[in-house]
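Generate the whole structure from the sequences, applying the supplied hints.
2 protein chains.
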Amino acid sequence: MKISDIIKNHQLQSLFIEGNFGIEKEGLRTDMEEKLAMTDHPYTLGSRLYHPYMMTDFSEAQPELITPVRPSLELSMNWLEALHDVLHRSLPDDEYLWPNSMPNILPEEEEIPIIRYNDPDAIRYREYLAESYGKKKQTISGIHFNFSFSDAFIEAVFEHQSQFNTLVEFKNDLYIKLAGNFLKYEWVLLYLFGASPYADPSFYDSKSGRLLKKPTDYVRSLRNSSFGYHNHEEVIVNYDSVECYVKDIENFVETGHLSEEREFYGNARLRGRGERLRDMLDTGVDYIEFRSFDLNPLDRLGISYDQGRFYHLFFLYMVWLDSEATVEEITEGQEKNLNTADENPFESSAFKEEGLQILEDMSSMLNELSLIDKYGDLIDKAKEKFEYPDRTLSARVAAQIDEQGYLAHGRELGLKYKHYSTDRPYVLNGFEDMELSTQLLMYDALELGVEMEIIDRADQFLKLSHEDRVEYVRNGNMTSKDTTISHFIMENKTVTKKILAEAGYSVPGGGEYHSLEEAMANYLKYKDQAIVIKPKSTNYGIGISVFKNFPSKESYQEALKIAFKEDDTVLVEEFIEGTEYRFFVLNGEVGAVLLRVPANVEGDGTSTISELIDEKNEDPLRGENHRAPMAYIEKGSIEKLMLKEQGLDFDSIPEEGQTVYLRENSNISTGGDSIDFTDEMHESYNAIAVGIAEALEVNVTGIDLIIPDYQKPSTAEEPGYSCIEANFNPAMNMHAYVTKGKGRRLTKGILEMLFPELVQQQKERVKETIK
Amino acid sequence: MKISDIIKNHQLQSLFIEGNFGIEKEGLRTDMEEKLAMTDHPYTLGSRLYHPYMMTDFSEAQPELITPVRPSLELSMNWLEALHDVLHRSLPDDEYLWPNSMPNILPEEEEIPIIRYNDPDAIRYREYLAESYGKKKQTISGIHFNFSFSDAFIEAVFEHQSQFNTLVEFKNDLYIKLAGNFLKYEWVLLYLFGASPYADPSFYDSKSGRLLKKPTDYVRSLRNSSFGYHNHEEVIVNYDSVECYVKDIENFVETGHLSEEREFYGNARLRGRGERLRDMLDTGVDYIEFRSFDLNPLDRLGISYDQGRFYHLFFLYMVWLDSEATVEEITEGQEKNLNTADENPFESSAFKEEGLQILEDMSSMLNELSLIDKYGDLIDKAKEKFEYPDRTLSARVAAQIDEQGYLAHGRELGLKYKHYSTDRPYVLNGFEDMELSTQLLMYDALELGVEMEIIDRADQFLKLSHEDRVEYVRNGNMTSKDTTISHFIMENKTVTKKILAEAGYSVPGGGEYHSLEEAMANYLKYKDQAIVIKPKSTNYGIGISVFKNFPSKESYQEALKIAFKEDDTVLVEEFIEGTEYRFFVLNGEVGAVLLRVPANVEGDGTSTISELIDEKNEDPLRGENHRAPMAYIEKGSIEKLMLKEQGLDFDSIPEEGQTVYLRENSNISTGGDSIDFTDEMHESYNAIAVGIAEALEVNVTGIDLIIPDYQKPSTAEEPGYSCIEANFNPAMNMHAYVTKGKGRRLTKGILEMLFPELVQQQKERVKETIK
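So the protein lines, in turn, are chains A and B. Residue numbering for the first sequence follows the numbering used here, starting at 1 and increasing by one per position. Residue numbering for the second sequence follows the numbering used here, starting at 1001 and increasing by one per position.
Mixed in with the good hints there might be a few duds.
Stated by the list, open to error - Listed next, the in silico DSSO-like pairs over lysine-lysine satisfying Cα-Cα at most 27 Å (straight line):
#1 K374/A x K1553/B
#2 K527/A x K1565/B
#3 K2/A x K1525/B
#4 K8/A x K177/A
#5 K1008/B x K527/A
#6 K527/A x K553/A
#7 K1565/B x K565/A
#8 K1553/B x K1527/B
#9 K1527/B x K527/A
#10 K1553/B x K481/A
Claimed, not checked - From chain A, some residues computed to sit far from chain B (all C-beta separations above 10 Å):
#11 F264
#12 E275
#13 E384
#14 R474
#15 N686
#16 E725
#17 K742
Keep in mind the hints are simulated off the structure, nothing from the lab. Each residue gets a CB set at the ideal place from its N, CA and C atoms; glycine is no exception.
In structure tokens:
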């Protein structure tokens, strides 16, 4: 069987490049003096006893981010970005993540803290590792890259081959080939992407004596060199077959060279689904864990997307090759790898020609697969690095370290990466294309350690789970905790009003009309009133006319015509004077009250309106429409007209303290300000908003109340409000980051509704810490 | 205060003609020999202990339909129609409703059954009435018409008058004026709409001797004559003020002339909200009950819409008048009324000139209100009747009775009205504009005695309640029993498939693409498969291409382009061969399984296809699209083409037993047949459909399964199905009335989910009866 022929003959290219990807990334927490942090893992994060994506590796100061396995590299990278956001924002102000594989300033061996949490087995294992390898080596961090082919690919190739009788046999042979060839050739990757040329002296300065000798100059990869953390020399495993692999590891455990199977730290570990390695013989290899990748300190995730793509391509080539690596070839390959690790990063590879030949062969593969357009640039760049060693990652890192000093360099990058996450706290990087409210909810779920799957990204559809419980969430606020009918009640303004009126709540009077004639016939009914004419079902202010004085019959008709363009049914409603507040009701409580104010600037006596707008737009909370909690104030025709009506233009200079409005409407999306009123609002209105949600039998809703005086209590005799709408898809992000007042994290309330015990535990952990 | 001036000066016309309307209609059940039915009230109807719309009046054989109070006459009439449907369809085959106010053949007094149900107080009161007035008089039936002005009207007029200090005083004066003037002038209505010219001899033939003397000829209204049922002569109530009215009735109760306040049966009864009449003095009159209207036997509802409109107009005129009736005028008016009742229907009214003058004055009122166009014709017709007495209702009824005989005439009309309801059992008359599934649900709710309000007619939005429980229902199937998120899960095909696949259910393989390029790049992935290409979110077959053989790259691209026209996201899905069945899952059980077959006819060896289509379309279950459970088979271009492909045309004569298909698609809406498979389907598939609903966490859904062999059990190893869709708004009507097999009343299941105890009680009552 030649896999390459099967792929070519049966046009399996698109299946071949499918795959499942998972990334694990360790890193050290560091204090502002670049010393290993002695603090506890952040308490706001969900417990490591169940957190699926955030653990600590060996040390308490060594958080580990674990992306779920996803069917594309891009998705895994999205996850890695998002997890970085969560980790960065969870760190105290005086800590950041060390960007290098080699540690920051380490204390004495005995002071390096191993994990602190209530899992005796995990602690015992780390104590054994400390004893067996030394603590300092355990602080070296890196990337583990998990890869498998798609089931569809494996099944398709299996179908067209005749060598193996069972899918498991075939699959195991495929993966052992991948692992063996990888070990034979991985030095190529190390040459290209090795990135640990240097270590802080504290790494070597050990009383235990294990690491006393340091290299005399920069190398390509300390982590992959003899200074790195590997199994003891005698642990050599045979990759001829999965059976050999399993038996060898079992033997090492039996003879005490390994404490248990998981202690085998080969650069290509075969992983199955069962508890024991041996289960792979029945159920097959599930994926391979590639463990030799240094953290790339020049990328904020420790690995760049193109790096990942190259790894993937390299894996493909490892199975595309006709041959499988022999034991000798693997041994030789591993020696080349050690050799490469020790090389001076600025000098050519000892195996340059071989490296170039491999790249050339990869290029041929891409040509045969018609994939050269898609991946060709990766090969070109790799070739370049073989020609110019100073362009390798290790050389670039070494040059920077040489210039800045190791600690200053690590500090600059680490802080930069942390700020990338903390500067725009409303965004979940990796998923910035999703709705802001959903991004906030995802953030909170990741923080809490709820398992998450994005089942439809464009539709903001999430699956959240913890243990046996599964909850689906759409748009961040639609859940199993609300009923279908409550959704449709709120969708229908007339139905909402009828139900609220019947329940005794104050709503604007008015009528619903299905034709112009019918509405015209009721013209006189609204006599002497201020009225709003609006289409029944649109939501964004389209087709709405407001008459603060009763309109002429002609204007009334005109407004009706405009509204009927948008909908078959039109509402004529009493217009209520007062200020509109949004009450976000969540699970029977008011989670937030918000006042929205039309776009405006405040004069300083010297700046023009145009300048004041620019200044206001510099707020990082403002951005393109719907991509930030607040929108830029525009300098468009509407704003111009609004100024003109006030006798102003963009060059006018308002007096100090003078507020100039640039819009009539108060939408946040047209530059409006958001002002939190949660603590200011008189409690009687909160009770009303909660009551309205109850009457509509809904747990999550945005209630819009018109309130002339928010400080004056509303009473049964004199209701101080009118309810104009209940929103079935209320935005949460606008409450989280506001122009004035305190932000309200409603998404956490949603999670509390779905997983109350997890949020409760989190609150208790944080309370405990504050004490 | 002149109300007419206030209305004119302040343009209150449109408020003036607003009002609230409620209709109560009694009638006797009769057997096929036109004798009073001796059977029990239908057991399928909800218990009279709580039924809000269907009671029995005096006799067990005297059902009473009570519409809720509604803000337009039209709506009340809709309700009256619907209630007739329910009552008619609930009657045994050998019973119908007697259309006349005067009874059918009555047995001896003692054999007339008074109500039979467990309400001792209600029975005691009827026993008293039997004793006091005689049972036969109690069987006379009629219409009670409840009317009130809109609150808005009363408040507006109150605001512009100065005579009364409180709204209650003003309102009570308004209603006492209406009642008094009505009693003064009601003879006009009796002249126009009296409709009980004759009674069966059994009515008079009483051993008790009370009714021994019969009139010598037809009269206008026996019911309103001395033969009718009125309070004893001495009970005369003063209508000078509400206070007088209340005091008088209280006195009659005290002196024993009335057993209790409700025994006062004046033709205009003031009704308040409190338990005692006296409460009206504090809270005001709520509405007036007008009681003098005969059943109109020539209208299937006992009252025509125009009749109701005329009553309404008459009420308006009664308050438009400047004067309020004095005690003397009322007495005189009541004498005129008795006089009119006794008149020969074919002769002129003794008060013809006065009547014409009143009509003329009503006409003037209409002119002043600019309402002559809307109501003028009613006045014209009334005037005509004063000119030509044989055009009055009483004369027309008398003429028909004279020709056919009283019993034959009543039988013909009664059966005709019953058949109107029973011929198209899938329609709820009065609400035919609503969706069929909602009509079915409304029918079942009315039958059961659940309180109902249509809160948005065009949106199929109902409020159902019983005692303290309120349930909202939209489209007949969206309720509080399902969650918001389950709705959106089903709305999203990709999400549905992902969840089902994860839960282990068989779904078609495939992919989701957001651009033509992306989909094209995956062309080879579907190699060798039959595929369907479809837009992600449309539901009605638009933009869908099916390739039973793997398409060329060009056809694949063409189909993608078509699909991308409909949606941003396109699905390429494995096409599964087999037959599609719809499983309606309701509350954890399969309520119905349906096979839909494309429009077809079966040959008889002599008829042309065109004739066979006509014949099939005669089925009363077929009708215009969505207005009947099945649609007409059309003879359009698609059908023509389909025939042509088979070498046929509309004039071809198929052989006997030969099935000719006229459509490719199996939609019911294009003339397809519906075949019930509920009992035929192998139970393993039912378990799958129920499991799918569970996985989607939904209580009401339509699951579409492709099943190659419905008799072959589906097993975990060999699943015999593929799930292609779960519908969030599954039609229920198509299961209720089918082309072949047994209809399934799913709407009753919906009610059982919402009000389980009521349906349980109904089932028990029916079971009890069948025993």
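Q: Hint by hint, work out which the structure violates, then give me just those numbers in ascending order.
A: 2, 9, 10 and 14
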